[in-house]
Amino acid sequence: MKTTLLEQAWYEREETIYKDIFGESENHIYPLSFEIFRISFGLEEIDPRWLNYGVIKYPPTSKRKTWAYVSSGMSNPWETDNVQEYSGLGIEFILESNTDDDWGILAVQNVMAFNILLSAGRYGEKPPLDYGHRVPFSIIPNLSHIVLAQPIHFPSHFNLVSGKVDLLQLVGITQDEFQYAKDHSSQLLIDRLTLTPKSFIVNPLRSSLFQ
Numbered sequence: 001m002k003t004t005l006l007e008q009a010w011y012e013r014e015e016t017i018y019k020d021i022f023g024e025s026e027n028h029i030y031p032l033s034f035e036i037f038r039i040s041f042g043l044e045e046i047d048p049r050w051l052n053y054g055v056i057k058y059p060p061t062s063k064r065k066t067w068a069y070v071s072s073g074m075s076n077p078w079e080t081d082n083v084q085e086y087s088g089l090g091i092e093f094i095l096e097s098n099t100d101d102d103w104g105i106l107a108v109q110n111v112m113a114f115n116i117l118l119s120a121g122r123y124g125e126k127p128p129l130d131y132g133h134r135v136p137f138s139i140i141p142n143l144s145h146i147v148l149a150q151p152i153h154f155p156s157h158f159n160l161v162s163g164k165v166d167l168l169q170l171v172g173i174t175q176d177e178f179q180y181a182k183d184h185s186s187q188l189l190i191d192r193l194t195l196t197p198k199s200f201i202v203n204p205l206r207s208s209l210f211q
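Mapping to the numbering used here: the sequence shown position 18 is 18, numbers consecutive.
Be aware that a few hints might be false.
[Claimed, not checked] As a list, the in silico SDA-like pairs of lysine to any residue whose alpha-carbon atoms are at most 20 Å apart: (1) Lys19 <-> Leu188; (2) Lys19 <-> Lys63; (3) Lys126 <-> Ser185; (4) Lys198 <-> Leu188.
The set of hints was computed from the structure by calculation and includes no laboratory data.
Keep in mind the model is a prediction, meaning the values are calculated, not measured.
Whenever a hint applies, use it, and build me the whole structure from the sequences.
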């Protein structure tokens with residue numbers, strides 16, 4: 001039976017590319033729910049396809065001591081059967097943590113849902129999320145926002161049968177760091193965080209760079 005481009009891309013991403021990058025998953029996906037869109041974004045109606053997007057959790061491996069929470073679905077080529085420069089929304093997210101915690105799943109789910117809504121024009125002319133964008137998301141006790149950065153422990157992109165996909169890392173930042181990025185630029189903050197690579201691993205107890 002001939003498979004569609006969507007089916008090919010979906011399978012390739014989760015069964016080949018993600019396994020090569022992140023190792024074996026827990027063989028479970030944490031899908032977006034209607035409640036996320038209703039509670040976090042006040043929506044009463046959504047595109048049912050959005051509920052096929054989700055987060056896959058990857059335990060530590062012999063090469064990586066951290067947990068990786070990875071989005072899956074934004075790169076689905078829903079609208080075409082032709083190969084494009086970028087597949088679907090052309091993006092997927094990574095969050096890296098030293099621990100196995102529900103907030104890792106929730107953080108990726110919420111940022112993914114926000115990006116889907118931006119891409120669907122639900123916020124007017126605001127563009128989809130990209131490098132340097134800052135998103136409010138509290139991870140208690142010390143982190144108040146997430147900034148999107150190019151990964152330093154993972155590839156920056158991969159190629160599907162349907163097109164290219166950029167990988168963006170979700171990095172937790174404190175209120176002081178958020179204000180620094182707002183006053184100067186996200187890139188300057190990311191440059192400072194990169195000097196301490198462990199800063200890319202989300203740790204709710206991490207102290208501010210400016211303390």
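For each hint, the structure was consulted:
1. This hinted pair does not check out: Lys19 and Leu188 have alpha carbons roughly 32 Å apart, beyond 20 Å.
2. For the hint pairing Lys19 with Lys63, the CA-to-CA distance comes to about 13 Å; that is within 20 Å, so the pair holds.
3. For a cut-off of 20 Å, the pair hint linking Lys126 to Ser185 stands: about 18 Å separates their Cα positions.
4. Restraint check: the Cα-Cα separation between Lys198 and Leu188 comes to about 17 Å, which is no more than 20 Å; the hinted pair holds.
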